[in-house]
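> Here's the letter readout for the chains.
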Amino acid sequence: MQSIVEFKNIFKSYPGVIANDDVSFNIEEQSIHAILGENGAGKSTLVKILYGHVKPDSGEILINSDLAIINSPSTAKNLGINMVFQHFSLFESLTVAENLILGMNENISLTKLKDKSKTICDKYGFNLNLNSPISSLSVGQRQSVEIVRSLLNNPKILIMDEPTSVLTPDEISKLFKIIKNLVKDGLTVIFISHKLEEIINLSDYVTIMRNGKVVSTISTQNENPETLGYKMLGYKVSEVKHESNINFSQEIFNIKNLSTQSKDPFTINLNKIDLSLKKGQIFGIAGVAGNGQKELMEILLNENDYEFSGDIFFKDLNINNLSTFQRKSLSISYVTEERLGHSAVPEMSLSENIFLSMNHKSEFKKGDFINFEKINSYASDVIKNFNVDTPSYHVKAGKLSGGNLQKFIIGREIMSNPQLLILSQPTWGIDAGSEAFIKKTIVELSQKGVSIIIISHDLDELLEVCHQISVLYEGSLSNPLNVEDINIAKLGKYMGGLFD
Amino acid sequence: MSIELIIGILNIVLISTTPLVFAGIGELVTEKSGVLNLGLEGLMLVGAVTGFITLVLTGNYFYSLFLSIISGVILSGIFAFLVLNLMTNQIATGLALTIFGIGLSAMLGKKLGGTPIDGLNPYYFIVISFLLVFFVAYFLSKTKIGLIVRAVGENHNSAYALGYNVIKTRYLTIIFGGVMSSLAGYYISICYAPMWQEGMTAGRGWIALALVVFATWKPWRLLVGAYIFGGVAIMQMNLQAIGVKLPGQFFNMMPYLATIIVLVFISSNKIRLKLSAPSSLNIPFEKNQ
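Protein chains in written order, with this note's numbering: chain A, 1 to 500; chain B, 1001 to 1289.
By construction, these hints were calculated from the structure, which means they are not laboratory data.
Since the model is a prediction, treat every value here as computed from it, not as a measurement.
Don't be surprised by glycine CBs; every beta carbon is placed ideally from N, CA and C.
Errors might be hidden in some of the hints.
[Claimed, not checked] Okay, the calculated bits of chain B under chain A, using three or more residues with CB under 8 Å as the criterion:
1) 1149–1155
2) 1158–1165
3) 1234–1246
[What the hints assert, rightly or not] Beyond 10 Å from chain A on every Cβ pair, some chain B residues (computed):
4) PHE1062
5) ALA1137
6) ILE1228
7) TYR1256
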């Protein structure tokens, strides 16, 4: 077979990081070629270079053995390269038809578009209503729109950036069937993922990247998840040790019959959520993104007076109407999903960021002034105790890498001695070392009697750390499952909304 | 009130409202692509004075119209370069454009200020203004380029990722808006007045800006809104003539008050806001390289 894409010595650096370091490998025509690597390994940068979205500092790309200068997405599309983005590039207030038209290279009438998209939908089993606005679609449907939009251009190469990260196991197997059919019909698919099993199930070849460099390009035939994982990480991450079968008794946090009735089509309504959390317990809330996680976190934090019915109790005290700071004063701590802009202000120093989260505590104030001595020593304790790699607490939060900043934020909250810690996506998008450290920290914290709630899309993480897991699906929370008796098939059913 | 009086009032409303339609529809297109241009007042004044001076010096309506349009292209082109390429703050740059336009037009018009000219028949422009609203409504909702303009204003990162040239699209819509403002100014100094006087647009640029929000970025509503705003201004004079004692300031305040009410109405509901205002409005676009 012939190579359709050849990367030759691609180099790309950003201030402080080398995203792609001398990357060279070939992709064969009509194959499924996976690019595997951790978050931050340089996979996304590489395909964005291929798609003309990012300019490389040096290096060449050959398409069908011809040198291709791809300096914008439109040149890439003219060369037959299309991309399905990880965070969808759809226009929410426009209809499906309008979104499809916007993705087409040629001008086309609405009736012709209908014919063409119908042919594609029938052939590969998509189900689209052209007149509905994107805002009314589920995540899986949105991805269908993205894929159909790419296929309308008759591409030769289709890049898919982490296409499964937002799908249920059921939707994933459907997607894989579609991808295999597309390749049979002549397409070459470049598939980015950090999920090992998916890659082995789906792809013919895999290029493994680590720290911006290509480790190797191999056929997936003789690989299994462990061998691939070892190649991806370069070392084995220590598994978190977990004492199971602990008897939890004292209830500390309790949600009763929590519902919301928002008329906003852009939000998910929560439906009669019940949750009971014991002292020292780690409780995971799993589920595909966009099933009410954001709304639930909003209510737990109470930053915006989100309206809801039902009751929330912390140690028998109803906290429904308590503000964020009042809740913090009761020793509930929060780590929100967005590190920059929500958990921390990027333009402010680390010690200033300490104060912003702790200003309900009088010890950090001198009258109406900030007690800098106190917050500086608090900041340096956090940096020391939580392995934050930074020269000093004067460094701006935005200068820290994702993993370091997350360790700092989680450390900041833990050092305030919470009795309940609520985390949302605690290890999203950070390096494996920090991830392992954070998981270990969370488990140790629970052993000291702190109760923890983790809202996460990362099933592996939840299975590793939590005692109990519930699944959130379209605003409903499933019954809790003990981690010891969970199997993936059951969890998959739950994530598709089929609770017991 | 006699029939004649009513027809007379309607006629005045028609004549006095047209500049709002021109400037408003131009700004609507600019904002649909995600750029807020607060420089309308300045653009109008420079368009007005350029047309006026050219007419006085050459006596040729075509030249004066042409140069007035060119002034809009140049000024809005500078604005576009600043906010799109140098990524300056749109609000500050727009305000600067207004202040600059007020000063520049006053300086240019100083010598020839009182010169009498023969005005143009306003009805041509009135007809054109209606056609223009029709054209823009059709363009935005039915054509592919119109769809691209809306897409760029809705989510510029997605539009770029799909291969559209965000900067070029915005250059075109900003310049279209600039030319429409110049035409509004030209109409004021050549048809409506016809004369030149410092600051003669009298805040119409701001009313046009308010109008776009009042119309929730929809062309036909903009036309209706323009005539409501224009009608209120004319009513003031006529009510005074028949002896109703309301202070003039009360009427001057009306367009802004109405706009604030509309703003509160659409902002009170997140969905309504999301479906009516272009989501990328006033957000600078940075290509990631």
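> Output the numbers, in ascending order, of every earlier hint that fails for this structure.
Hint 3 contradicted; others consistent.
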